[in-house]
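Novice: Okay, here's what each chain looks like letter by letter:
6 protein chains.
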Amino acid sequence: SRVEAQENVRPTESITHVELHRPEKRNAMNSAFWSEMVTCFNELSEDPECRAVVVSGAGKLFTAGIDLMDMMNNVLQPEGDDTARISWGLKKKIRKFQETFSVIEKCPKPVVVAIHGACVGAGVDMITACDIRLCTQDAWFQVKEVDIGLAADVGTLQRLPKVIGSQSLVNELALTARKMYADEAKSSGLVSRVFADKEAMMAGALQIAGEIAGRSPVAVQGTKINLIYARNHSVADGLDYIATWNMSMLQTEDLMKSAQAALEKKSPKTKTYSKL
Amino acid sequence: SRVEAQENVRPTESITHVELHRPEKRNAMNSAFWSEMVTCFNELSEDPECRAVVVSGAGKLFTAGIDLMDMMNNVLQPEGDDTARISWGLKKKIRKFQETFSVIEKCPKPVVVAIHGACVGAGVDMITACDIRLCTQDAWFQVKEVDIGLAADVGTLQRLPKVIGSQSLVNELALTARKMYADEAKSSGLVSRVFADKEAMMAGALQIAGEIAGRSPVAVQGTKINLIYARNHSVADGLDYIATWNMSMLQTEDLMKSAQAALEKKSPKTKTYSKL
Amino acid sequence: SRVEAQENVRPTESITHVELHRPEKRNAMNSAFWSEMVTCFNELSEDPECRAVVVSGAGKLFTAGIDLMDMMNNVLQPEGDDTARISWGLKKKIRKFQETFSVIEKCPKPVVVAIHGACVGAGVDMITACDIRLCTQDAWFQVKEVDIGLAADVGTLQRLPKVIGSQSLVNELALTARKMYADEAKSSGLVSRVFADKEAMMAGALQIAGEIAGRSPVAVQGTKINLIYARNHSVADGLDYIATWNMSMLQTEDLMKSAQAALEKKSPKTKTYSKL
Amino acid sequence: SRVEAQENVRPTESITHVELHRPEKRNAMNSAFWSEMVTCFNELSEDPECRAVVVSGAGKLFTAGIDLMDMMNNVLQPEGDDTARISWGLKKKIRKFQETFSVIEKCPKPVVVAIHGACVGAGVDMITACDIRLCTQDAWFQVKEVDIGLAADVGTLQRLPKVIGSQSLVNELALTARKMYADEAKSSGLVSRVFADKEAMMAGALQIAGEIAGRSPVAVQGTKINLIYARNHSVADGLDYIATWNMSMLQTEDLMKSAQAALEKKSPKTKTYSKL
Amino acid sequence: SRVEAQENVRPTESITHVELHRPEKRNAMNSAFWSEMVTCFNELSEDPECRAVVVSGAGKLFTAGIDLMDMMNNVLQPEGDDTARISWGLKKKIRKFQETFSVIEKCPKPVVVAIHGACVGAGVDMITACDIRLCTQDAWFQVKEVDIGLAADVGTLQRLPKVIGSQSLVNELALTARKMYADEAKSSGLVSRVFADKEAMMAGALQIAGEIAGRSPVAVQGTKINLIYARNHSVADGLDYIATWNMSMLQTEDLMKSAQAALEKKSPKTKTYSKL
Amino acid sequence: SRVEAQENVRPTESITHVELHRPEKRNAMNSAFWSEMVTCFNELSEDPECRAVVVSGAGKLFTAGIDLMDMMNNVLQPEGDDTARISWGLKKKIRKFQETFSVIEKCPKPVVVAIHGACVGAGVDMITACDIRLCTQDAWFQVKEVDIGLAADVGTLQRLPKVIGSQSLVNELALTARKMYADEAKSSGLVSRVFADKEAMMAGALQIAGEIAGRSPVAVQGTKINLIYARNHSVADGLDYIATWNMSMLQTEDLMKSAQAALEKKSPKTKTYSKL
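Which chain is which? The protein sequence lines are A, B, C, D, E and F, in order. Using the working numbering, the first residue of the first sequence is number 1, and each one after it goes up by one. Using the working numbering, the first residue of the second sequence is number 1, and each one after it goes up by one. Using the working numbering, the first residue of the third sequence is number 1, and each one after it goes up by one. Using the working numbering, the first residue of the fourth sequence is number 1, and each one after it goes up by one. Using the working numbering, the first residue of the fifth sequence is number 1, and each one after it goes up by one. Using the working numbering, the first residue of the sixth sequence is number 1, and each one after it goes up by one.
Please keep in mind that the hints were generated in silico from the structure rather than gathered at the bench. Incorrect hints may have been included.
Identical copies look the same in the list; a pair holds intra-copy or inter-copy alike.
[As the list claims (entries may be wrong)] Simulated pairs of lysine-lysine, DSSO-like, Cα-Cα distance not exceeding 30 Å:
#1 96 <-> 265
#2 271 <-> 91
#3 25 <-> 275
#4 162 <-> 91
#5 257 <-> 60
#6 275 <-> 92
#7 162 <-> 96
#8 25 <-> 179
#9 25 <-> 265
#10 25 <-> 91
#11 60 <-> 179
#12 269 <-> 91
#13 91 <-> 257
#14 179 <-> 257
#15 60 <-> 96
#16 265 <-> 106
#17 266 <-> 179
#18 106 <-> 92
#19 25 <-> 266
#20 60 <-> 92
#21 257 <-> 25
#22 179 <-> 93
#23 106 <-> 96
#24 60 <-> 275
#25 91 <-> 106
#26 257 <-> 93
All chains, full assembly: derive it from the sequences and hints.
Specialist: Here it is in structure tokens:
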């Protein structure tokens with residue numbers, strides 16, 4: 001049967017669960033995956049019901065990364081024999097693959113990724129584009145690309161240095177392709193929490209997603225957008241941008257609702273916020 | 001009685017202690033606070049006696065953040081009913097509030113902030129603009145804004161990703177408003193030291209400030225300015241900037257004084273450096 | 001006898017070992033050092049045999065940093081008495097010293113630095129320009145410049161904030177010149193591994209270098225170049241750059257060789273890759 | 001009948017002529033236009049036959065700009081009454097409209113725009129995204145947005161300062177909405193050539209497009225992409241980018257073909273270049 | 001009598017005329033000027049009545065630039081004899097002088113500058129910070145600083161290359177201090193119009209200012225702010241910024257008023273727009 | 001006989017005349033040229049006698065650009081048959097060629113280039129890196145690279161858009177390789193002056209160089225460095241940089257000498273300035 005890159009099972013009304021679902025192939029990413037990811041996250045971006053996303057993998061591990069046979073058959077089959085034209089085609093393909101993960105960042109709804117077992121190669125590229133990373137105690141991570149003879153080109157080298165606080169570790173991982181286990185992933189800041197097993201992690205992921213989904217979407221999605229903006233700009237530019245952003249967003253009714261909850265010493269989740 | 005945003009008690013000649021002093025309201029930031037901060041730090045910037053600053057909070061905790069009632073009465077009362085004109089006014093207010101904390105960064109004297117009890121909302125915006133962060137074992141931190149229905153717009157979203165090494169944690173804190181306690185604040189790098197209690201922390205803060213104040217102000221303040229510059233620019237731009245900076249600063253007499261102390265195996269604090 | 005800044009002992013065919021070799025002066029950096037570093041790394045950049053570099057220090061400690069007497073005699077002797085012309089000359093010297101360490105970054109071969117004993121002042125500037133940092137349990141680090149009366153101007157202030165995840169710690173180290181020991185260096189992410197003693201560390205350094213040197217140089221060196229590019233640019237610019245880079249690099253024969261090894265469940269080191 | 005935003009009449013095999021074709025409404029841009037532009041240029045980007053594009057307007061003038069009634073009915077009808085949610089929706093629409101003209105820049109095939117009669121409001125936004133601008137002697141240009149009560153937000157304010165050499169003129173045009181006639185358009189550098197009438201201009205446009213289409217598409221499209229890159233980056237970044245670009249593109253067979261033509265003192269158009 | 005840097009004669013309710021008024025000294029800029037400029041433009045920024053500003057000079061010429069005697073007495077008198085401390089003080093003064101002209105850019109109301117006779121040295125720094133430049137036929141311009149032995153440091157070198165389209169001319173003017181006359185100022189784009197004499201120019205300036213002041217201040221001031229933003233950022237950043245800006249500003253009532261005027265084929269000036 | 005890339009005939013003590021001297025080959029740039037340029041300008045950078053440079057071409061025209069046969073034999077002969085390794089080698093060569101012209105920009109002494117006859121291909125890359133461009137009435141310019149089947153990669157695409165005020169013209173020239181004659185070169189701002197013939201031009205070039213060489217080198221070279229810095233940075237960054245620059249440079253004795261000349265109504269050239 002064909003690969004299903006995701007199954008939308010909505011745990012609550014406002015949380016979408018996206019599952020990498022090709023367990024018999026260790027959720028290896030093939031051609032179908034690349035296009036389904038884009039469709040999936042573009043839809044989630046537009047879906048006003050969805051306020052938070054949880055991503056996980058079906059089966060024994062999160063993902064084995066790119067499907068090597070698939071890549072060699074489809075991606076790397078040059079057309080023609082002029083180097084420039086082959087290069088031109090390759091750049092288009094790389095840009096398209098990059099977009100597969102960039103849609104996660106462009107989706108204004110926060111994305112919590114829950115990793116168990118293993119996360120290899122393009123899997124690392126993928127999770128660095130997510131907002132919050134969780135893992136199980138048995139998880140390991142591997143920046144695999146150098147083992148396949150290439151510099152990682154769909155996000156790891158670009159985002160990992162901005163995601164992890166130790167450049168020495170980033171370099172070591174990317175240059176030697178050694179595995180990193182859960183404890184080091186936690187202490188280095190790749191993940192913000194480690195859980196005993198997948199069940200506990202999924203509960204934790206849904207709990208975090210629930211916290212997010214229950215708050216004002218104006219506040220939540222504005223926060224995601226501005227965090228990503230800040231990462232790529234100077235502090236001065238970031239401050240100007242959010243001031244321009246909030247000159248309208250502070251006029252939301254959510255502010256009064258939330259403030260009222262705060263004054264009443266209640267959780268903001270006790271209020272209902274309109275769709276965005 | 002009116003709010004006193006700071007009390008200048010100079011522990012030694014060259015260290016200024018700024019205290020958030022509205023303990024009956026948990027040092028909540030109100031209109032008076034916003035303008036007094038600017039005045040205070042602009043004066044410290046110009047005061048040649050002051051070589052290091054310690055910031056702390058009076059009473060039970062560091063700060064509860066913005067005074068919600070004050071904000072709702074003063075900040076968010078729109079004038080007129082044209083959305084564009086209301087927005088225009090809001091942007092001006094946000095920019096003014098941002099400046100409240102940016103003055104800490106623009107002040108060339110290093111600012112050590114000592115946090116006890118709690119540091120909530122705008123308090124986090126404030127401490128991310130300080131240079132060195134310390135806390136007590138009982139301190140907790142909360143990026144509260146999303147609970148009030150807005151994206152944090154006076155510095156947290158812009159500075160926290162450049163202050164802490166785990167982007168996953170930054171996102172989690174900003175999107176869920178969960179509390180972070182002292183141990184995680186230390187392991188994530190938000191603070192560089194944790195103390196048993198406020199007394200020990202204040203002693204530690206003054207000790208660090210004393211180390212700073214005793215060294216050459218040419219060296220110290222040039223270091224602060226260049227660290228902030230480096231954070232916002234590429235390494236190449238940062239190297240060019242400090243070379244341009246130091247082409248004059250290396251001609252200081254402090255260099256010879258300090259080097260002499262070093263050759264004599266003495267602390268640089270044994271020398272006297274002129275005001276800057 | 002004169003200072004030997006490096007001794008090329010090639011542990012294996014493709015790893016170069018560069019040793020700071022002036023043990024009687026605690027490997028203090030003098031005039032000879034500054035020029036020999038540039039020559040050494042420019043040669044390594046061009047040398048197709050060399051695929052990874054290990055840097056360490058001879059004798060009791062890694063390096064005591066700049067040779068203060070040498071600096072005061074050579075660097076800081078102003079010519080003439082016009083401040084502008086003295087400044088002009090100083091800027092040229094600073095730029096030249098900066099280049100001493102920037103060559104490490106410009107060298108596309110990964111550089112593993114192994115630090116024992118102590119790493120002081122300009123030594124910290126140097127190691128922040130290396131790719132992977134290791135140390136012994138007895139090692140300590142000191143951003144010493146503020147003690148000599150100057151803002152560090154050959155790399156520490158520019159690179160350390162991008163190397164370590166805690167800006168509070170970076171500021172504390174740079175403003176107070178306090179020593180940081182191995183454990184804090186590890187937990188803060190300055191080094192990615194700590195070893196019991198120098199012997200163990202050198203074995204570890206060579207093992208890491210061996211992992212690197214055994215992989216495709218197209219993959220490895222492309223990875224280093226793109227990691228450094230990413231650090232200085234936005235994610236969007238970084239993604240565009242590597243797509244442009246890889247449109248040719250993916251056409252390497254190393255990709256097929258490596259992929260074949262992967263399909264055979266063998267290490268990529270079992271294959272032979274042509275020189276680059 | 002419905003609006004036809006463009007008619008593809010291919011003057012030669014490799015030049016595509018895109019015509020704004022709603023002459024009875026002075027080619028005013030309506031909802032259909034915005035989506036057809038994107039489709040049209042995305043197709044041209046992918047179409048290997050197309051090597052150059054000529055854009056012009058049917059009827060009496062190039063374009064009267066946005067269809068005001070259409071905009072007021074469709075774009076500016078707010079949904080709901082929460083300012084933040086209305087703002088969120090407006091931003092999405094603006095970004096979509098911006099994309100309408102950004103596709104012209106993203107299309108690697110050079111776009112020659114030929115303007116006659118008048119080019120008003122969004123028309124100016126559009127032509128600043130084209131590569132080469134030509135006009136007739138009777139053409140005039142008007143940055144109209146300020147007259148409609150808004151700051152131009154689909155490209156004019158962003159691109160015009162990078163397109164025209166006189167910032168004083170740019171400001172005057174944008175702030176007063178005065179008309180600029182052909183002579184000033186030429187002397188200020190908005191257009192590179194002025195023709196007596198539309199017929200002459202179309203011949204000229206096709207001649208320029210022919211020059212472009214007859215040359216190596218590897219050279220031509222690489223030139224467009226790098227010119228746009230250079231406009232948005234420093235010279236140093238631009239030089240690094242094109243070196244990375246050309247490390248593959250110089251391996252094209254077109255280089256040998258073209259060079260041979262040059263050595264034979266023939267036009268490069270005498271050679272045939274494969275599709276790209 | 002003391003120098004009056006400006007006289008506010010309001011030609012119409014919404015246009016402010018700022019005059020350099022120290023004719024007996026050829027409007028040379030002295031200490032009083034530097035501080036009065038800041039006060040004046042900060043007030044204009046806040047004054048809701050003011051919608052456009054015209055700047056001109058009293059007497060025989062626009063300005064002779066800095067008052068050399070004043071500068072030598074006040075600015076360049078070093079305090080103390082430590083080069084670093086003198087440098088520190090100089091930087092503060094330069095930054096303060098830069099701010100004198102940067103306030104013109106930060107003032108959101110468009111500034112039309114009308115130059116007659118001569119505009120020398122700091123005068124050129126000043127006019128490059130204005131939005132629209134006009135001059136008389138007898139006007140000349142001189143980037144004088146190199147003649148006084150310094151690189152221009154209050155704006156000319158930074159803004160002139162972004163104001164004029166010929167970098168060769170910019171370099172020639174700045175490196176040789178030669179005079180440029182009205183015709184070349186017009187053809188190079190420094191000014192957008194040349195008038196026969198001062199009377200005609202002032203009428204023209206007021207007419208342009210009137211065009212600006214009569215339009216929606218939401219549109220006009222948003223345009224100025226975004227034009228300046230665009231000059232300093234990439235096109236992509238500029239497009240994102242204005243979309244964020246306009247998501248609120250498009251909700252203005254001015255849009256409907258202006259659009260109505262346009263549909264009625266009337267000037268937007270026939271409508272009344274609320275203060276901003 | 002071998003190619004002489006330059007002949008240093010020093011017209012006056014402080015002006016260096018660099019001549020492209022391979023007239024029998026129309027000053028075509030070959031391997032010798034590329035390395036001699038670097039040596040020449042690196043020496044001029046260090047030579048304290050040299051305060052201004054004039055570049056011109058010997059024989060019938062300025063330069064025919066790259067020597068096609070030389071390039072095809074030396075540059076484009078791939079080593080090996082792995083595309084990645086060929087690409088790697090090509091990038092190194094391109095970067096080296098780029099450096100050939102970047103040395104002109106890095107040389108702090110202003111470079112006046114005088115063009116007669118023709119300036120083709122790499123000749124345009126070269127002159128865009130010079131500071132002031134002059135030409136004869138019979139000169140023409142041609143961005144030739146697209147005719148050879150490549151995107152210009154040694155500076156034209158990167159610098160021309162920042163040198164000329166009409167982006168439409170830049171694009172037309174780069175995409176069609178059409179010739180531009182002296183009048184259009186002047187009106188577009190590529191050159192700042194046109195002379196009747198080579199003799200008049202050389203006199204003019206030396207006169208301009210004389211104006212430059214006679215002024216304070218602190219002022220002149222600081223001006224060049226800051227103009228180039230400003231081109232690549234925002235206005236805010238440029239202002240900060242020059243303030244940091246001038247905090248030392250204003251302490252020069254040249255300032256007093258020059259100011260004294262100004263007060264005496266004499267030319268700054270009547271004073272003598274020390275070497276830099």
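Novice: Each of the hints needs a verdict: does it hold here or not?
Specialist: Comparing the hints with the structure gives:
1. For the identical chains of this complex, residue 96 and residue 265 are inter-copy neighbours only, at 29 Å across copies versus 48 Å inside a copy, given an alpha-carbon limit of 30 Å.
2. In the homo-oligomer, the alpha carbons of residue 271 and residue 91 lie at most 30 Å apart only across protomers (26 Å), although the nearest pairing inside one protomer, at 48 Å, exceeds that limit.
3. Taking CA atoms no more than 30 Å apart as the test, residue 25 paired with residue 275 passes in neither setting, with 38 Å inside one copy and 35 Å between copies.
4. Proximity of residue 162 and residue 91 under a CA criterion of 30 Å is satisfied in both settings, with 24 Å inside one chain copy and 27 Å between copies.
5. Proximity of residue 257 and residue 60 under a CA criterion of 30 Å is satisfied inter-copy only: 29 Å between copies versus 44 Å inside one chain copy.
6. Taking identical chains as interchangeable, the C-alpha atoms of residue 275 and residue 92 lie at most 30 Å apart only when they sit on different chains, with a minimum of 15 Å there against 36 Å within one chain.
7. In the homo-oligomer, the alpha carbons of residue 162 and residue 96 lie at most 30 Å apart both inside one protomer (22 Å) and across protomers (29 Å), since each shortest distance falls under that limit.
8. Proximity of residue 25 to residue 179 under the C-alpha cut-off of 30 Å is restricted to the intra-copy arrangement: shortest distance 20 Å within a copy versus 40 Å between copies.
9. Within a single copy, residue 25 and residue 265 get their C-alpha atoms only as close as 50 Å, which misses the 30 Å cut-off; across copies the closest is 16 Å, which meets it.
10. Taking identical chains as interchangeable, the C-alpha atoms of residue 25 and residue 91 lie at most 30 Å apart only when both belong to the same chain, with a minimum of 27 Å there against 39 Å between chains.
11. In this assembly of identical chains, the alpha carbons of residue 60 and residue 179 lie at most 30 Å apart only when taken from the same copy (17 Å versus 33 Å across copies).
12. Taking the closest pair of Cα atoms, residue 269 and residue 91 come within 30 Å of each other only across two copies (27 Å); inside a single copy the shortest separation is 45 Å, beyond that limit.
13. Proximity of residue 91 and residue 257 under a CA criterion of 30 Å is satisfied inter-copy only: 21 Å between copies versus 48 Å inside one chain copy.
14. In this homomeric assembly, residue 179 and residue 257 come within 30 Å of each other (Cα to Cα) only across copies, at 22 Å, whereas the closest approach inside a single copy is 47 Å.
15. Proximity of residue 60 to residue 96 under the C-alpha cut-off of 30 Å is restricted to the intra-copy arrangement: shortest distance 28 Å within a copy versus 41 Å between copies.
16. When the C-alpha separation of residue 265 and residue 106 is checked against a cutoff of 30 Å, the pair qualifies neither within a copy, at 34 Å, nor between copies, at 36 Å.
17. Taking the closest pair of Cα atoms, residue 266 and residue 179 come within 30 Å of each other only across two copies (16 Å); inside a single copy the shortest separation is 44 Å, beyond that limit.
18. When the C-alpha separation of residue 106 and residue 92 is checked against a cutoff of 30 Å, the pair qualifies both within a copy, at 20 Å, and between copies, at 12 Å.
19. Taking the shortest Cα distances, residue 25 and residue 266 sit within 30 Å of each other only across copies (19 Å), while inside one copy they are farther apart (47 Å).
20. For the homomeric pair residue 60 and residue 92, neither the shortest alpha-carbon distance inside one copy (33 Å) nor that between copies (40 Å) is at most 30 Å.
21. For the homomeric pair residue 257 and residue 25, the shortest alpha-carbon distance between copies (23 Å) is at most 30 Å, but the shortest distance inside one copy (48 Å) is not.
22. For the homomeric pair residue 179 and residue 93, the shortest alpha-carbon distance inside one copy (28 Å) is at most 30 Å, but the shortest distance between copies (37 Å) is not.
23. Proximity of residue 106 and residue 96 under a CA criterion of 30 Å is satisfied in both settings, with 14 Å inside one chain copy and 14 Å between copies.
24. For a Cα distance limit of 30 Å, the shortest separation of residue 60 from residue 275 qualifies neither inside one copy, at 36 Å, nor across copies, at 40 Å.
25. Taking the shortest Cα distances, residue 91 and residue 106 sit within 30 Å of each other both inside one copy (21 Å) and across copies (14 Å).
26. For the identical chains of this complex, residue 257 and residue 93 are inter-copy neighbours only, at 21 Å across copies versus 47 Å inside a copy, given an alpha-carbon limit of 30 Å.
Hints 3, 16, 20, 24, counting from the list given before, are not met by this structure.
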